[in-house]
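For the record, the sequence lines run as chains D and G. Residue 1 is where the first sequence starts when you use our numbering, and the numbers rise one by one after that. Residue 177 is where the second sequence starts when you use our numbering, and the numbers rise one by one after that.
Honestly, the hints are just simulated from the structure, not real lab data. Don't take every hint at face value.
DMTMM-like mimics (lysine to aspartate or glutamate), calculated; alpha carbons at most 25 Å apart, straight line [stated by the list, open to error]:
hint: 1; chain 1: G; residue 1: K524; chain 2: D; residue 2: E116
hint: 2; chain 1: G; residue 1: K524; chain 2: G; residue 2: E500
hint: 3; chain 1: G; residue 1: K212; chain 2: D; residue 2: D17
Bear in mind the structure is a predicted one, so any value in this text is a computation, not a measurement.
Spelled out, the chains give:
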Amino acid sequence: MSGTAESPAAGQVWDADDAVTQLYATQYRALVRLATLLLRDVGAAEEVVQDSFIAMHGSWRRLRDHDKALAYLRQAVVNRSRSALRHRTVEQRHAPAPLPDHASAEHGAMEALEREDLIRALHLLPRRQREVLVLRYYVDLSEAQIADAIGISRGAVKSHASRGMASLRLSLEQTA
Amino acid sequence: MNNIPRNDDDQLETRLRRALNSEAAMAQPAGDGLTKIREGIDARRHRVWWRNPALALVAAAVLGVAVGGLYFGSRDDGTTTLPPGTSSSPTVTSSGTSAPTPTTSESTEPSPSDTTPPVGYSGPVYVYYIHDDGESPRLYREIHNGAGTGSKAEAALRAMFAGQPDDPDYSTPWDNTRLRSYSVAGDTATVDLSKFVAVGSAVETAAVQEIVYTVTANDPTVKQVLLRVKGNSPPSGHSDWSGPQRRAPLGDVQGWIWILAPTQGATVSSPVQISGYGTAFEATVNWEIRKDGVLVKQGHTQGGANGEFGEFHTSVRLPAGNYELSALEFSAKDGSPIHIDTKNFTVK
Chain D
1 MSGTAESPAA
11 GQVWDADDAV
21 TQLYATQYRA
31 LVRLATLLLR
41 DVGAAEEVVQ
51 DSFIAMHGSW
61 RRLRDHDKAL
71 AYLRQAVVNR
81 SRSALRHRTV
91 EQRHAPAPLP
101 DHASAEHGAM
111 EALEREDLIR
121 ALHLLPRRQR
131 EVLVLRYYVD
141 LSEAQIADAI
151 GISRGAVKSH
161 ASRGMASLRL
171 SLEQTA
Chain G
177 MNNIPRNDDD
187 QLETRLRRAL
197 NSEAAMAQPA
207 GDGLTKIREG
217 IDARRHRVWW
227 RNPALALVAA
237 AVLGVAVGGL
247 YFGSRDDGTT
257 TLPPGTSSSP
267 TVTSSGTSAP
277 TPTTSESTEP
287 SPSDTTPPVG
297 YSGPVYVYYI
307 HDDGESPRLY
317 REIHNGAGTG
327 SKAEAALRAM
337 FAGQPDDPDY
347 STPWDNTRLR
357 SYSVAGDTAT
367 VDLSKFVAVG
377 SAVETAAVQE
387 IVYTVTANDP
397 TVKQVLLRVK
407 GNSPPSGHSD
417 WSGPQRRAPL
427 GDVQGWIWIL
437 APTQGATVSS
447 PVQISGYGTA
457 FEATVNWEIR
467 KDGVLVKQGH
477 TQGGANGEFG
487 EFHTSVRLPA
497 GNYELSALEF
507 SAKDGSPIHI
517 DTKNFTVK
């Protein structure tokens, strides 16, 4: 989702409203999906992304740039998803509302099962490990971008990633 | 991240990538995100500027970016939120390549509002009004400032009963009506009024829905509204309103085409961002801009199609001056303009 949006043409400057409209058109869906992966709840994910856009609009004066604004949106989505998760009750967190399973018909039952196992295992990981893996393998961010989005060092990104992958592997072996 | 020394990592990475992508692909946004974002932005502007727009503009100029922080004092749902970046200095140096850091400090996160219901809500509220588009009385929504000793929904009802719509085309049949009490139990709100409307059957139905839509728009936990007049069932000559009322379907009661921006009386800069919400035959929403009654620009854009309500957006360059925007559709039957909503605005 990075680098695909059109920046304003040369000489043309976005104001905050333009920025919201343009980034909404190019990034909204991808950001909702990012938040959905973190929250497992599309409705909550949409709220998080909408609030992030509203905050981005208010901070536009300090951003004034497509790439900075997108980085800001990603940070805001990760932070607000974290905050939304924290406010969920314990039961909800351990039994998140499953998403409608449209894909199973397309991909076959085995693959759907494996996907479900992986996603379930992902959501049992510590929060930062999950964030790192989603940003790395869904959004395709670099280590530096992930460090930026979560507010941790690149070294920490590396260690969260390797611990996260190790835990995923272990839990898949246990369920296999 | 690619240097983890395990042979099956590539395979696990591929599987994880695939799982995340198919999981993500199931998340379909509802489609009204931009409208909600713009409403949130408007609500915040309203919050800061409604008291004295001129003063707020001066303050904005003097404080520069610092005023950005003020916007976040309250959202339209009455919760308090801190924006990303609140904790960072408003003067950002241009040396950094990354965006200003949203707040990551957990201690600065707001406590959830549902544990402490707001006492004496003061801020923007959604108020529904009625406008007869020539076919039937329908509901239109405005954002007003509400205040009082009760909840947001109660403040919205008080604003509806006591105030005037911004758009002179809208009105409410609840004239000289007072809210005696408002209470919520479970998903049911009880609204006790000083008197009932004395109008025809269609307007009466719209008037009841005006209350139901206003309450539920401001308190999403309320699913139904029990209407009372001085503690008793509403004395209607048309219908039985003794039971709790739910929102009627959009297609039955909501204005076919709403202009959301510019708002009535707004001063905006060019290009003018036009947005709205509605449904039209084959989704074609037409817009016309008049200056002193003379058509100066027109066009069409896509809203929701054939009963599905959706957003529409367009932008128009206009020289400074006063204008009237109409959004409408042309009747599929005879080509006449129908379902018109209009707003007056000024381009600075």
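For this session: Could you tell me which of the numbered hints above are not met by this structure, giving the numbers in increasing order?
Result: 1
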